[in-house]
Amino acid sequence: EPEVTQTPSHQVTQMGQEVILRCVPISNHLYFYWYRQILGQKVEFLVSFYNNEISEKSEIFDDQFSVERPDGSNFTLKIRSTKLEDSAMYFCASSVSSGRLHEQFFGPGTRLTVL
Amino acid sequence: AQTVTQSQPEMSVQEAETVTLSCTYDTSESDYYLFWYKQPPSRQMILVIRQEAYKQQNATENRFSVNFQKAAKSFSLKISDSQLGDAAMYFCAYRSNFGNEKLTFGTGTRLTIIP
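Protein sequence lines correspond, in order, to chains A and B.
Sequential numbering from 84 applies to the first sequence in our numbering.
Sequential numbering from 212 applies to the second sequence in our numbering.
One should not assume that every hint holds.
Below, a list of computed lysine-lysine pairs in the PhoX-like style, where the Cα atoms sit at most 25 Å apart [stated by the list, open to error]:
#1 B:K281 x B:K266
#2 A:K166 x B:K289
#3 B:K281 x A:K125
#4 A:K125 x A:K166
#5 A:K125 x A:K140
#6 B:K289 x A:K125
#7 A:K161 x A:K140
#8 A:K161 x A:K125
#9 A:K140 x A:K166
Since the hints were made in silico from the structure, they are not lab data.
Predicted, not measured: the structure shown is a model, and the values here were computed from it.
Work out the full structure, taking the sequences as your base and the hints as a guide.
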């Protein structure tokens, strides 16, 4: 069964460094999302992406964040200058459509640790 | 803005027994979806069951069923014949059906299965 994959599974970085989290959505899916989960807290929406542009973003998704679909398969989240509070689990999700039968499929996540 | 509340941070149940996880939500919309996601220790979220708000009939998926009370804005998950593999974090989530695909999650309920 097709799955959303994410790399790396764990990323450790120094505060102020740039990180890129990578996701490969399910191949026929057209809508892509990033969520994050700070340890012990709820999953929070960051951004949704469709047709090569952001369709919605949350207050968390400030100028330090960007998303890109550089080719036909990858979907990336870039954090330009990481802060300690960016430490979290980052989940990528994809869905085939936004219609009534919409379901978002989640990847296994990337644990980002900012030191 | 929509909010989702899960008032039970932790629940436990004896194997083979039935357990009910609570979820309430707040919205001014009339058309939306509600979901229960399971997040096992491996941390990939899996969709357990979904409910469309315009459907009065409660959704059922094998041992999982919901009690959807639209007027009360309540959406509980019942797990029958609990199994060890049901141990996980369970998240209730809301999605609007008005051009907005993001999921809004509750804080989760950690379910422990007692052998």
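Hints versus structure:
1. Simply put, B:K281 and B:K266 have alpha-carbon atoms about 10 Å apart, close enough for the 25 Å limit, and the pair holds.
2. The suggested pairing of A:K166 with B:K289 is violated, with an alpha-carbon distance near 40 Å, which exceeds 25 Å.
3. With a CA separation close to 23 Å, the supplied pair B:K281 and A:K125 stays within the 25 Å bound.
4. With a C-alpha separation of about 19 Å, the suggested pair A:K125 and A:K166 falls inside the 25 Å cut-off, and the hint holds.
5. For the given pair, A:K125 sits about 17 Å from A:K140 by alpha-carbon distance, which is consistent with the 25 Å threshold.
6. For a cut-off of 25 Å, the pair hint linking B:K289 to A:K125 stands: about 21 Å separates their Cα positions.
7. Only pairs whose Cα atoms come within 25 Å are accepted, and A:K161 paired with A:K140 is accepted, the gap being roughly 14 Å.
8. At roughly 21 Å between alpha-carbon atoms, A:K161 and A:K125 fall within 25 Å of each other, so this suggested pair holds.
9. Proximity of A:K140 to A:K166 is assessed by CA-CA distance (about 19 Å); at most 25 Å being required, the pair is judged to hold.
Violated hints amount to a single one, hint 2; each of the other numbered hints is respected by the structure.
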